[in-house]
Each structure stands twice: as C-alpha cells, then as structure tokens.
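Same order as they appear, the protein sequences are chains V and W.
Residue numbering for the first sequence follows our numbering, starting at 148 and increasing by one per position.
Residue numbering for the second sequence follows our numbering, starting at 995 and increasing by one per position.
These are calculated hints, taken from the structure and not from any lab test.
Mixed in with the good hints there might be a few duds.
What the hints assert, rightly or not - Beta-carbon label-pair distances, calculated as ranges:
1) V:D274 <-> W:A1602: 56 to 64 Å
2) W:C1321 <-> V:Q252: 23 to 31 Å
3) W:G1328 <-> V:E360: 28 to 36 Å
As the list claims (entries may be wrong) - Here are the simulated EDC-like cross-link-like pairs (lysine to aspartate or glutamate), alpha carbons at most 16 Å apart as the crow flies:
4) V:K226 <-> V:E200
5) W:K1336 <-> V:D330
6) V:K301 <-> V:E332
7) W:K1443 <-> W:E1540
8) W:K1092 <-> W:E1109
9) V:K290 <-> W:D1331
Said to hold, decoys possible - Partial pick of chain W residues on the chain V-facing surface, computed with a CB cut under 7 Å:
10) I1262
11) N1263
12) V1298
13) A1302
14) S1329
15) I1332
Every residue gets a Cβ at the ideal spot worked out from N, C-alpha and C, and that includes glycine.
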Amino acid sequence: MRKLMVQGVTSGAGKTTLTAALCRHFFMKGMDVVPFKAQNVSLNSFVTDDGGEIAISQAYQAWASGIEPTRNMNPVLIKPKGSGQCQIVLDGRPWKDIGRGGTNQEMIEEIRSHILRSFDDLCLGRDMVVIEGMGSPVEMNLKDRDVSNMWLAKAVRSPVVLVGDIEKGGVFAGIYGTYLLMDEEERDLLKGFVINRFRGDASILGAGIEELESRMEMPCLGVLPYVRFSSPQEDSMDLRQISGGVRGEGDVRQRWIKELDGLLEKWEGTWDLSKVEGLVDRV
Amino acid sequence: MINPTTPVQDDSETNYHNNSGSLRSQMSRGYIHGDKDCPNFPCHHPDQNCTFCFCPLYPCEDPLLGEFVVSKRTGGNVWSCQGCHWMHRDDVAASLFKMMPEVGPEGLDLKVRMELKERLQGKHRRRAKAIMVLGATSGAGKSLMVTALCRAFRNRDLTVAPFKSQNMSLNSMVTDQGEEIARIQDLQAKAAGTRPRGELNPILLKPKGGVTSQIVVEGRPYRDTTVQEYYSKFVPDEAPAIIARNLERLMRSNDVVVIEGAGSPAEINLRGRDVANMYVAKLAQADCLLVVNIDWGGAFAYAVGTLALLDDGERKLFKGIIINNMCPGGGTIGSLDIIERKTGVPVLAVMPHLPKLYLPVEDSMDLSLHEGGEGATVIAIVRLPMISNFTDFDALGLEDNVRVVYANEPSELNGASAIIIPGTKNSVTDLKWLKESGMATAILERAGKVPILGICGGYQMLGRRIMDVHGLEGGVSAEVEALGLLDAVTHFDSYDKRTVQVTGTLDKAGGTVRGYEIHMGRTERGEASPLFIMDPDGRGEGMLDEKGLVMGTYLHGVFDLPAFRRYFLSLMGGPSSIATEAMDQDAAVDASLQRLAKEIEEHIDLDALMGDDDDA
Ligand code: SF4
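One chain only, chain V, in its complex shape (with noise of 0.2 Å):
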C-alpha cells in the first residue's frame, strides 16, 4: 500500500486539484489509486451509493481516479449550519451538532478512531491512496485537535508534499514558515514543496528556490502554472466559488473530468512527476 499526502500552506492553496490530479495520474498509469481527506468542512457534499454524505471533492477525486465515490473517502464532514452552529457527518451520517466550545478532547479520539478505521477499509485491497489534507498543518493553536493533516500523516506514515499558492504573495515565507513551525517527526515526513498558480516565466524564480532547498533541505517538485480550472470548490467556506463548472450542456463530471485531463497536459514538464513518484516509497 502506497500513500501521498497534500497539504496546504493555506486554505485554497490547489491542494483538491493537486489531489485530483495526482489521482488522475496515478490511475492513467494503470494503478488502482483511491482519495482520502479526513476531515472537510464544507456545504457542499454528495450522497455515495450507499447513502453516506461527504464532500463533493472527495466524489470529483473518486472520479477521477476511476472509481464511484464511497463514505470511507472523507469519514468526517463538518457543515456549517450559520450563527456557529456546525452539523458534524460522521461516516456519511449526521452524528452531532457542535456550537461554538467546537470539539472536547474525548470527541476527538473518538473522531480519530473513526478516521483510522475509515482509512484502513478504504485502502484494502488498493494500489495507492492520495490523502488530502485540510487548511494549514501549522495553526499551532489547533495543533492538539489535529484530525487531518500532520497528525493524520504520523499516524498513517505517509509521505508529505507541500503545496503553496503563489497568487497571493509572499509563497516563500508561506513555505518556510510551514516548514520552521514543524517538529522533527513532521519535518522528517515532509518530501517537498510545490508552487501552484504561477504565471509568466518561472526562471525568475530560480533564486528563490534555491534557497529555500537548501534551507529546507529538499527538492521543489515543481511550479504549476496557473491553469482555469473549475475545481469543485477547495476546501473553502468561500461561496463565491460554488457556481463554478456548470456551463453548457452534457455531463458535468465527464466534463470536468476533461477539464482535468487538459490540466495534466498543461502542467506536463512543469513539475517532476518522476520524483514524485519516488517519494512515494521513502518513509
């Protein structure tokens, strides 16, 4: 059993589209590939065959990878239900409401037994899984109630891939003030970084890179240029994001199905998908 793992210098920063494509990747080369996120806190959910809910990013992902999307793909949904009243899904069932004290310790191991077991029955019998994570892995105040990123990543030993969001600004900070936040264990898990959402001609970044490789001590796996990709909205509470996708007529999966194919081509020579791969067996 082979396992990956996104995560994000912050919400939004590509890591649904990263998984997505990584999936799709991984499932063009023949191998029988599921997506894993924890935890997602979204309105948007889908309903499996089975009658479960999750995050309809986990369904795109499943798509992608070629597969239809089971409850065991993100056992822990949070929906947000206005005034900080949020609605946990625990399993693809509604399990409880939460207001604002949010989680207490004793729901959190409860939670992460459930992740776990989630985990287990959905990487049997597979190839490889793609695990996303959630927001950033070092929002230190929330360190100790961590169901889906570093916490996730020692209890299942996967490898990590850092994904920062050039757009904004300042992505070298965001990358290495990830990274200098991390302790030994997490640093340890961590393979290496990616830039998404980079427009013009990457040389200008060479500088850049190097010093941070050579800070962190590990290679930049690659600058993804920014593609028009209508992703099924990242894990944000953005609602502004939602109406993506939907234009025309025919199906909107095999559509965005396409889409992602297009982007795979697009991004093709702009990271080392070779590397990658050999990460993939280095824990």
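Here the structure of chain V is known, so what remains is to put chain W with the ligand in place on it, guided by the hints.
Leaving out everything else, chain W with the ligand in the frame of chain V:
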C-alpha cells in the same frame, strides 16, 4: 532667506542681521499661508507656509534642519536652509508666530533664539517618525491599515503623510495638479489630511496589456517599459534616487510618515531588487509592522516564515505583528506566543474583519470584492479582460436597492436593469473580445430597453468606430468597427495622454458632476447632445443618444457625486430603483475613515507605537 535660483545659500550671518528690519515687517504682516504672489514661490515645496520667509531662528545650526555649505561669494562656511521644511510647515509657523517676542533693531539674540527653538521642538518633530506597514502577502490589509493609521494620527493633531514608494495599479486618479497617483494613495492622503500628490506615490507602474507597463514618476508619465527591463534597469538605476528624494522631503515636513510596503518583503527571488519594502524601511529607519491575513489560514506560517527570511538588521526594525481579518465570533487565538518565540517579534494585535466600509478596497483584481449592494436593481458591469478603474462603481453599490455585478458572459446580462461598459487598458483588444464573446450582440439586443453607459474605453466602444492608424492601442494599425450605439468616432492619433480633474453640470437634469479623465485618444461627437457641460469654459463632454438611454463619458468617478447617480438610477424606472436619499460620497468616505481610525485605536496602542523617542 531662500533664493531658489541658486542651490547654495549666499547669506552670511552679518548679512542676515542687517535684515532684522525684514524680520520686523514680516511680523507686522502677520501669519500667512503660501505667498503665491512672491516671485520665488514656491521656494521649498508647493504647500509651504511663507510666514517666516526670514527665519527668526537663523542660523540654528541644527543638522536635522539645515547644513553648512561653502559660500560662493566669500569662500567661507555659511548656514544653508535650503533643505529646511520645518519652518515652512503651517503648524510650525503658527506655533512660532504665537511664541514670537518683540523684535528689536538688533534682531533676536542667541539665547532667545535657542529658547524659542527649544520650545518649538517640544511641540513639533523636526524629523518625522516613520512607521511602515508591510504585508506577509498581497491583500493582507496593508492599505487599510495605513489609511487607518493616517487618520488616527491626524486625529491627534499631528502632521501626517502616507507614502508608498512603488505601486502597481490599474486604479489611478488625477490630482488637482494633474498628477496621476494610485487611487488608494489618494484615499490615504484624505485620511491624513494632506494634499494628494505625486510625492506620496513617486513610482506608479500601470500595466498596459501584454508585457508592457507605463512608468509614472512623481505623477507624470515617464516611459513605457517591460517587466524585465523594469527590474533590470529602472529599479537599480533610477528608482533609488526617485524614492530617496521624495521620502526625504516627507520626512522633513511631517510629524509622522506612514509607509506602505508592496506585496511581501520576503520574495527571496528578488533579493536586492525590491525597492518597495525593506529598502524603504531601512532608508526611513522605520518602525515596521507585519500584517498577516488570518482569513486564508496559514497565518502562523506566514508570520514566522516572512521574518525568518529577512536578515538580522531588517528583522530588528519590526516592532510587531498584526493578525488581520479575524472573523467575527472567532474567539481568541491560542498559541500566538509561539510566533514571538520563533521570531523575537511580538503579536501586537488581532484585528477583526473590518466592517464593510465605504472605501475603495486594496488594489486588487478580485472584482468580487467590488460587487456589492443588496437590491433588486441589478447593474451589470461588463467584465472586460483589461478592465480598469473599477472603483468607479463602488458608489453605486451603496445605494439602497442596487446590486452591482460583473458580467463575464452574455447570459449574465439577463435581468440587468442597466449595463455599463467600463474603462479598459486597451479599447481595441477589448472591443474585439466584446464581439467574439457574444457580449456585443447581447448589449445591442438590450439597447433602447435599458440604460447603457460607457465610461472612457467603454464610451469609445459605444461609438461608430475606433481609428488607431498608428497602432497605439492594438499594436498594429487598425480601423475598428465599434458598437455604433452612439454617433461618435474615436481617434488615437498621438501618444498624448489626457490626465485632468474636471467638474461640470449634468446637461439634462442639472446638478454637479466631478471626475477625472485618464485616457489616450479623442472622441468626435456627431450631432448628438453632450452629457455634461464642463467648467469653466462650457465645453460639452460625453454624449447621449436621442432616446437618452445610451450614454458615454470620459469621466471616471462620475457616480461619486449624487447628481449623476440619481439621474442614472432614475432612467431604470420601476418602483424599486430610485434612490431617494442620494448620499454624499465625500461625507460617507470621511465617516468611514473615522470609523477605521476608531477601530485601530481600539486594537493598537498608538502612543506606544509613536514611542517617547525624540526626533534626534
Ligand atoms: S529652522 Fe530652518 S530655516 Fe530656520 S535657521 Fe534653522 S534651518 Fe534655517
């Protein structure tokens, strides 16, 4: 005292003491502002105060204010006041005027002069305190933070100026002197209570489409450049001197200069080529604040990473980190002390998401931030690929019942109560897009049914054709068929750019309009009537078709004053549309600035920020 025609002062002390008569007549003249009748005006800067043309403190021999130079006449050392802006500030001159004792035939003796200077110095800094706001990313909220600081310091009766060494912006405006600066610096000047001018934003880079940008220096078009050439030539060769001279002037004529950085200071691929961030911080020896947006997540990482990538000298300038855009009800964030442990810089404040203020947002291409309002009257702005000056429409979003949306494709014009074609960086290529995207057809279908307004480039597109024989817009010589809704033809026949602030009257309904023109090309109106009658010469501006439903104008900011806004909304008819209480935009901006200042006072200890260090 100052002779602007020679850079070196030729006064000697003896010479000066013979002038005690001038000092006395100057006192009897009384306190004045700028002496615009003086043949030498302005000998320091256009906003100078001329009460003390002859300085009663001369020669103060204070190296923060003037300097010794070699006299051309005598060859000896002489005290020069050429660089002194202190004595020519309104507040300093007013204070000194009140303090002045009777001047006898002997002038003022040294002791009196020293005492006066001491007292004056106690009230007014000789060199500004520099505070710089840098962002961990773009859109971190730097611009608003600077705006808020400017107003808060202004509220303490300090003389304040905002400064941003280099701005890349599509939203520029024109000052009363015809200087072009980024709109956000104009707002910051308003917040600071100082005149908007090129000095505040000495380098403005305006993307022109493709790889070309126009460099505007001190408010005036300088030349066109490519990004490559900008960084390899302009930045190392020319930018430092431009930045230094403008910053120095501001440091010498204010109590506080609030400086804004650009993007992130830790773009390590640009080390040594970034003149908008730490370069300026070091030049001004500014107390730096790092603003980190918590909205996207990753705030811990950005704060720590940004500071870790700076060198020790740079890091030492940072006095605090401001976590910005905390969502309401977000509670407190634990573990913030980790940031100080890792970087040595404390977190000074966690600022809430600022309530929706009526202010143009930080220069961002994120138009969704400009979409606004909640009403049933939908005004669709055509989202041209090279759209510019989209702050023009912020005022509409303020009206009750109005919703401003950006239409990316023809179907998004459905149901719109009015359509606006906005300004563009390139009329010719955007007109091509308009036709190819089907947007042109959709607009033509609606002509005569809903009001259609073209502003600047949009106005040019509404006409019959655009003649660009020299290829100034499109790169190749072209004569382009436009939408033909207005009987107008636009010619691009010279590389001249019109940048001017204007006022006038709405021809149809009366009422004042105010705005500014920034464009190349001139438009010939056929028989149709103009939209506005401009001051002072009664020239007609813009035009209106026979039915009065298609309009074009070159005026940016045309909706800012209520008259035209009200008129435009009234054309949409229907019970839901007419705004009864037309709002005064200037008053709204000022109220917003006060709220902003209050917000920052609540979260940041500004007295501590100013410190008790004196200006020496
Ligand atoms: S205060 Fe300024 S003008 Fe007066 S003597 Fe000193 S340098 Fe000259």
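Cross-check of the supplied hints:
1. V:D274 <-> W:A1602: 56 to 64 Å: Between V:D274 and W:A1602, where Cβ atoms are some 59 Å apart, the hint holds.
2. W:C1321 <-> V:Q252: 23 to 31 Å: holds (24 Å)
3. W:G1328 <-> V:E360: 28 to 36 Å: holds (33 Å)
4. V:K226 <-> V:E200: This hinted pair holds, its Cα atoms lying about 11 Å apart.
5. W:K1336 <-> V:D330: holds (13 Å)
6. V:K301 <-> V:E332: holds (8 Å)
7. W:K1443 <-> W:E1540: holds (13 Å)
8. W:K1092 <-> W:E1109: Holds - the C-alpha atoms of W:E1109 and W:K1092 are around 14 Å apart, at most 16 Å.
9. V:K290 <-> W:D1331: holds (14 Å)
10. I1262: Interface hint status for W:I1262: holds (4 Å vs cutoff 7 Å).
11. N1263: Nearest chain V Cβ about 3 Å off; hint holds.
12. V1298: holds (4 Å)
13. A1302: With a closest approach of 6 Å, the W:A1302 hint holds.
14. S1329: holds (4 Å)
15. I1332: holds (5 Å)
In the structure shown, no violation is registered for any of the earlier numbered hints.
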